[in-house]
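Visitor: Residue numbers (this note's numbering), protein chains in the order written: chain A, 1 to 403; chain B, 1 to 132.
These aren't lab readings, by the way, just hints derived from the structure by calculation. Be a bit skeptical, because a hint or two may be false.
Stated by the list, open to error - Derived CB-CB ranges, DEER-like:
hint : chain 1 : residue 1 : chain 2 : residue 2 : range
1    : B       : Asn-26    : A       : Lys-311   : 51 to 59 Å
2    : A       : Thr-25    : B       : Pro-114   : 31 to 39 Å
3    : B       : Pro-34    : A       : Asp-138   : 45 to 53 Å
4    : A       : Asn-324   : B       : Lys-129   : 43 to 51 Å
Said to hold, decoys possible - No farther apart than 20 Å at their CA atoms in a straight line, the calculated lysine-lysine pairs in the PhoX-like style are these:
hint : chain 1 : residue 1 : chain 2 : residue 2
5    : B       : Lys-14    : A       : Lys-397
6    : B       : Lys-14    : A       : Lys-396
7    : B       : Lys-76    : B       : Lys-129
8    : A       : Lys-370   : B       : Lys-39
9    : B       : Lys-14    : A       : Lys-400
Glycine residues also receive a C-beta, built at the ideal position from the N, C-alpha and C atoms.
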Amino acid sequence: MLPIKQDFPIFKNNPDLIYLDSAATSLKPKSVIDALCMYYEKYSANVGRAIYKLSQDATQAYEDSRSAVAEFISADPDEIVFTRNTTESLNLLAYTLGKNIKPGDKIVTSIMEHHSNFVPWQQLAKQKKAQLNIIDIDDEGRLDLSNLQKLITQKTKIVTLTYVSNVLGTINPIASIIKKIKQINPKTTIIIDAAQAVSHIPINVKRLGADFIAFSAHKMFGPTGVGILWGKKEKLINLPPYLFGGEMIEEVNIKNTTFKDPPYKFEAGTPSITEIIVFKQALSYIQKIGFENIQKHEQQVIEYALHTLQKEFKNNIKILGTKNIKQRIGVLTFSFAHYHPHDISQILDEDHICVRSGHHCAMPLHTRLKLPASTRASFHIYNSYEDVDKLVAGLKKVEKILQ
Amino acid sequence: MSSIYHDILLDHYKNPRNFGNLKNANKKTTISNPVCGDKINMMIRLKGGKIKDIKFSGQGCVISTASTSLLTEYIKNKPLTTFCKKVVRDKKTSYMVTLDKDFILELLNIHIGPVRLKCALLPLEALKKLLK
Ligand SMILES: Cc1ncc(COP(=O)(O)O)c(C=O)c1O
Numbered sequence: 001m002l003p004i005k006q007d008f009p010i011f012k013n014n015p016d017l018i019y020l021d022s023a024a025t026s027l028k029p030k031s032v033i034d035a036l037c038m039y040y041e042k043y044s045a046n047v048g049r050a051i052y053k054l055s056q057d058a059t060q061a062y063e064d065s066r067s068a069v070a071e072f073i074s075a076d077p078d079e080i081v082f083t084r085n086t087t088e089s090l091n092l093l094a095y096t097l098g099k100n101i102k103p104g105d106k107i108v109t110s111i112m113e114h115h116s117n118f119v120p121w122q123q124l125a126k127q128k129k130a131q132l133n134i135i136d137i138d139d140e141g142r143l144d145l146s147n148l149q150k151l152i153t154q155k156t157k158i159v160t161l162t163y164v165s166n167v168l169g170t171i172n173p174i175a176s177i178i179k180k181i182k183q184i185n186p187k188t189t190i191i192i193d194a195a196q197a198v199s200h201i202p203i204n205v206k207r208l209g210a211d212f213i214a215f216s217a218h219k220m221f222g223p224t225g226v227g228i229l230w231g232k233k234e235k236l237i238n239l240p241p242y243l244f245g246g247e248m249i250e251e252v253n254i255k256n257t258t259f260k261d262p263p264y265k266f267e268a269g270t271p272s273i274t275e276i277i278v279f280k281q282a283l284s285y286i287q288k289i290g291f292e293n294i295q296k297h298e299q300q301v302i303e304y305a306l307h308t309l310q311k312e313f314k315n316n317i318k319i320l321g322t323k324n325i326k327q328r329i330g331v332l333t334f335s336f337a338h339y340h341p342h343d344i345s346q347i348l349d350e351d352h353i354c355v356r357s358g359h360h361c362a363m364p365l366h367t368r369l370k371l372p373a374s375t376r377a378s379f380h381i382y383n384s385y386e387d388v389d390k391l392v393a394g395l396k397k398v399e400k401i402l403q
Numbered sequence: 001m002s003s004i005y006h007d008i009l010l011d012h013y014k015n016p017r018n019f020g021n022l023k024n025a026n027k028k029t030t031i032s033n034p035v036c037g038d039k040i041n042m043m044i045r046l047k048g049g050k051i052k053d054i055k056f057s058g059q060g061c062v063i064s065t066a067s068t069s070l071l072t073e074y075i076k077n078k079p080l081t082t083f084c085k086k087v088v089r090d091k092k093t094s095y096m097v098t099l100d101k102d103f104i105l106e107l108l109n110i111h112i113g114p115v116r117l118k119c120a121l122l123p124l125e126a127l128k129k130l131l132k
């Protein structure tokens with residue numbers, strides 16, 4: 001077990017907090033919080049515009065962060081576009097790639113997507129009279145790839161899939177899926193939603209083989225307001241701009257405008273400067289702990305959680321997704337007897353246990369599973385066996401009150 | 001922290017009043033909250049300016065179920081004018097429900113956040129839809 005709680009000041013201010021909602025957003029370590037304050041106190045200035053030293057320093061720090069992100073996923077700095085969040089990164093793609101979608105083209109996604117990787121493509125398909133194909137899941141909550149060979153055709157322009165499901169916790173075998181798709185149609189653009197994966201699984205974009213990946217800093221111990229879009233250089237070059245305005249232009253005259261090269265072409269307006277600069281601290285924090293330790297810790301906690309919940313509640317609890325802990329991250333979604341997820345999370349909250357209830361921005365998946373809603377406990381490095389025990393005690397209280 | 005799940009609330013959840021189907025209903029509606037999958041079917045028999053009978057069915061959380069149970073109990077057999085404003089337009093009469101959020105929260109006797117507020121107000125929405 002990692003002795004990690006002490007790195008997160010929120011536990012000092014809320015000693016009773018049992019935080020089981022890291023899939024929604026992770027907590028922030030002290031190094032990140034301190035850096036936020038430090039930026040505003042020491043060199044708050046806009047980036048990329050002014051000659052004075054303060055602005056130069058900010059610009060340098062901003063670009064250092066870009067380099068740090070690039071290094072984190074084994075990419076080049078000019079392949080890293082800063083956006084506001086995963087959702088914006090994916091919408092940027094739907095908007096820009098969408099310009100080349102023609103009636104009858106095919107876009108492939110899956111039933112386990114977060115709405116932010118589903119709705120933009122559904123809407124694009126509608127606008128362009130393209131076809132939206134949806135990969136189903138099997139009984140264990142894994143992508144059903146049995147008809148991939150049939151699904152991917154010369155008409156398939158875009159395949160967009162999540163690396164890890166935010167409901168089932170399933171880790172999809174993304175690298176091998178990408179390889180198969182590229183074998184069938186090398187021209188298919190492949191997008192990976194890495195929002196849930198990136199703080200749990202080391203990502204090397206060179207080995208992954210995707211064309212684009214999207215993720216958010218706030219789910220990886222970093223600040224809110226920072227999204228990342230990585231794209232292969234030649235792919236980014238070929239995309240039209242998304243937002244127009246300051247920062248993204250090279251030259252503007254009354255009749256025409258020329259645009260900067262990527263990534264700047266996609267970064268119109270003042271970005272979340274502070275948050276982007278500070279994001280670097282979050283990456284350092286992950287690197288300091290190391291993915292090996294993160295995964296080991298998480299697997300221990302999730303194994304204990306799966307075991308304990310099943311032992312305590314038997315058939316009363318139905319845990320979604322695969323039981324193979326090597327194929328899942330610390331996201332544990334369940335239904336509990338006939339108790340309503342809202343009541344479960346409300347009663348747990350009375351003991352400072354934070355879980356999510358609802359459809360977790362994955363309504364198509366819940367419809368597929370014939371569940372109106374579910375309860376989700378998600379674990380990360382600061383969670384312990386004791387947190388699992390508290391969850392179990394909380395669920396016993398739910399039984400006692402609602403039975 | 002004290003529980004919002006007090007005895008009266010739980011009693012109305014476990015033994016909801018006016019639960020079931022109303023065979024001779026003359027107005028029916030269904031309302032749902034896609035966020036949590038809650039669904040309420042509300043049926044009334046309206047006669048002589050009164051809700052003579054009311055029933056509801058569906059599935060919901062403690063708050064939405066208890067809220068529906070309590071509200072149906074409150075309005076049953078009361079003249080519509082005690083909780084509605086009569087609106088006549090083009091010789092057609094409709095009723096605008098004047099009960100509000102605060103009334104429901106008082107009925108439930110709880111303090112809740114914005115997410116759960118939707119659960120609590122679901123039956124009121126159904127009633128408004130019914131009488132419109
Ligand atoms: C798999 C997945 N994709 C996308 C998102 C959207 O992330 P954001 O809200 O940061 O845009 C989330 C966040 O919940 C997610 O879990």
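Visitor: Let me make sure I understand: some of the numbered hints might not hold for this structure. Which ones are they, in numerical order?
Guide: Structure breaks hints 2 and 3.
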